[in-house]
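Visitor: Here the protein sequences line up with chains A and B, keeping their order. Be aware that the first sequence starts at 4, since it is given in the numbering used here, and climbs by one per residue. Be aware that the second sequence starts at 20, since it is given in the numbering used here, and climbs by one per residue.
Since the hints were derived computationally from the structure, they do not count as laboratory data. Beta carbons are placed, not taken as given, at the ideal position from N, Cα and C, and that holds for glycine. Worth double-checking, as some hints may not be accurate.
As the list claims (entries may be wrong) - The calculated label-pair distances, taken between Cβ atoms and stated as ranges, are:
(1) 99/B <-> 68/A: 38 to 46 Å
(2) 89/B <-> 74/A: 41 to 49 Å
(3) 48/B <-> 66/A: 42 to 50 Å
(4) 32/A <-> 117/B: 22 to 30 Å
(5) 65/A <-> 148/B: 58 to 66 Å
(6) 75/A <-> 99/B: 39 to 47 Å
(7) 91/B <-> 58/A: 16 to 24 Å
(8) 168/B <-> 58/A: 32 to 40 Å
(9) 81/B <-> 52/A: 53 to 61 Å
(10) 172/B <-> 58/A: 54 to 62 Å
(11) 23/A <-> 128/B: 46 to 54 Å
(12) 21/A <-> 117/B: 31 to 39 Å
(13) 74/A <-> 81/B: 32 to 40 Å
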Amino acid sequence: MTRKATKVTNDIRTLRFMNGEMTQAQLAEAIGVTRQTVIAIEQGRYSPTLEVAFRIAKVFDVPLERVFQYAG
Amino acid sequence: MLYIWGMSKFDYIKYEMGYKERGTYIDLIVAVGVFLKYVWDIFRLQLETPLTEVAFRTPMFYAILISVVATIVLHIVYSILSGSNDTQEDQRDRQISRFGDWVGLFPLSSGAMLGLLLAMFDQPHFWIANAIFAGFFVSSIVSSITRLVGYRRGFGFA
Chain A
4 MTRKATKVTN DIRTLRFMNG EMTQAQLAEA IGVTRQTVIA IEQGRYSPTL
54 EVAFRIAKVF DVPLERVFQY AG
Chain B
20 MLYIWGMSKF DYIKYEMGYK ERGTYIDLIV AVGVFLKYVW DIFRLQLETP
70 LTEVAFRTPM FYAILISVVA TIVLHIVYSI LSGSNDTQED QRDRQISRFG
120 DWVGLFPLSS GAMLGLLLAM FDQPHFWIAN AIFAGFFVSS IVSSITRLVG
170 YRRGFGFA
């Protein structure tokens with residue numbers, strides 16, 4: 004079980020699946036972070052900076068709110 | 020949240036450490052190893068001499084020298100062995116590293132403060148030097164452990 008360290012949830016896993024089953028490594032390369040960081044974001048262990056959040060949304064060509072939600 | 024069957028085939032199940040996280044273990048192992056070796060040396064010396072009269076300067080000097088040299092050399096070797104594709108550092112690494120350094124400041128400043136107080140009250144050099152020395156190493160150990168917790172569990176912000 005993964006412990007959530009942040010109240011920000013995300014749909015990155017789903018979006019990757021819907022975008023040709025994009026791998027974590029491919030997404031990491033596209034947004035300029037390590038694959039471990041993509042894993043940490045997906046699992047809710049890390050809140051990315053606003054800039055990285057926008058880069059992720061841009062990769063999937065969706066609005067930011069489609070990628071991240073605040074569960075606070 | 021939309022759940023789709025068969026997702027696991029494109030997900031990594033097993034946890035894989037990143038370059039910086041593995042490097043943190045080098046810092047931790049060196050700090051713990053050198054510190055324990057120094058404590059062991061002092062323990063052996065004090066069997067024959069009263070503790071405050073132990074010749075601590077040489078073991079302390081070598082402990083500091085070895086920790087600095089070993090950390091640098093091991094990081095260079097690790098970097099070479101990892102190859103150029105695996106040495107990337109990103110914002111999360113930097114945030115975790117900064118937080119680890121910040122947490123490590125507490126034992127460091129505590130050791131310095133204790134050394135200062137001991138000096139003000141004319142205590143033996145042995146205790147003054149060792150308070151500061153312990154501050155350095157405990158700082159390094161606490162900093163490394165904090166970073167590893169950050170990598171494994173996250174802090175929310177990093």
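Visitor: The structure should be examined with respect to each hint, and the outcome stated for every one.
Guide: Structure-based check of all given hints:
1. 99/B <-> 68/A: 38 to 46 Å: Holds, since residue 99/B and residue 68/A (Cβ atoms, about 44 Å apart) stay within the stated range.
2. 89/B <-> 74/A: 41 to 49 Å: holds, 45 Å
3. 48/B <-> 66/A: 42 to 50 Å: holds, 46 Å
4. 32/A <-> 117/B: 22 to 30 Å: Holds, at about 25 Å.
5. 65/A <-> 148/B: 58 to 66 Å: holds, 60 Å
6. 75/A <-> 99/B: 39 to 47 Å: This hint holds: roughly 45 Å between Cβ atoms.
7. 91/B <-> 58/A: 16 to 24 Å: violated, 34 Å
8. 168/B <-> 58/A: 32 to 40 Å: Given range 32 to 40 Å: violated, Cβ gap about 27 Å.
9. 81/B <-> 52/A: 53 to 61 Å: violated, 43 Å
10. 172/B <-> 58/A: 54 to 62 Å: Given about 25 Å between the Cβ atoms, the range is violated.
11. 23/A <-> 128/B: 46 to 54 Å: holds, 52 Å
12. 21/A <-> 117/B: 31 to 39 Å: The hinted range 31 to 39 Å holds for residue 21/A and residue 117/B, with Cβ atoms some 35 Å apart.
13. 74/A <-> 81/B: 32 to 40 Å: violated, 53 Å
Of the numbered hints given earlier, the model fails hints 7, 8, 9, 10, 13; all others are met.
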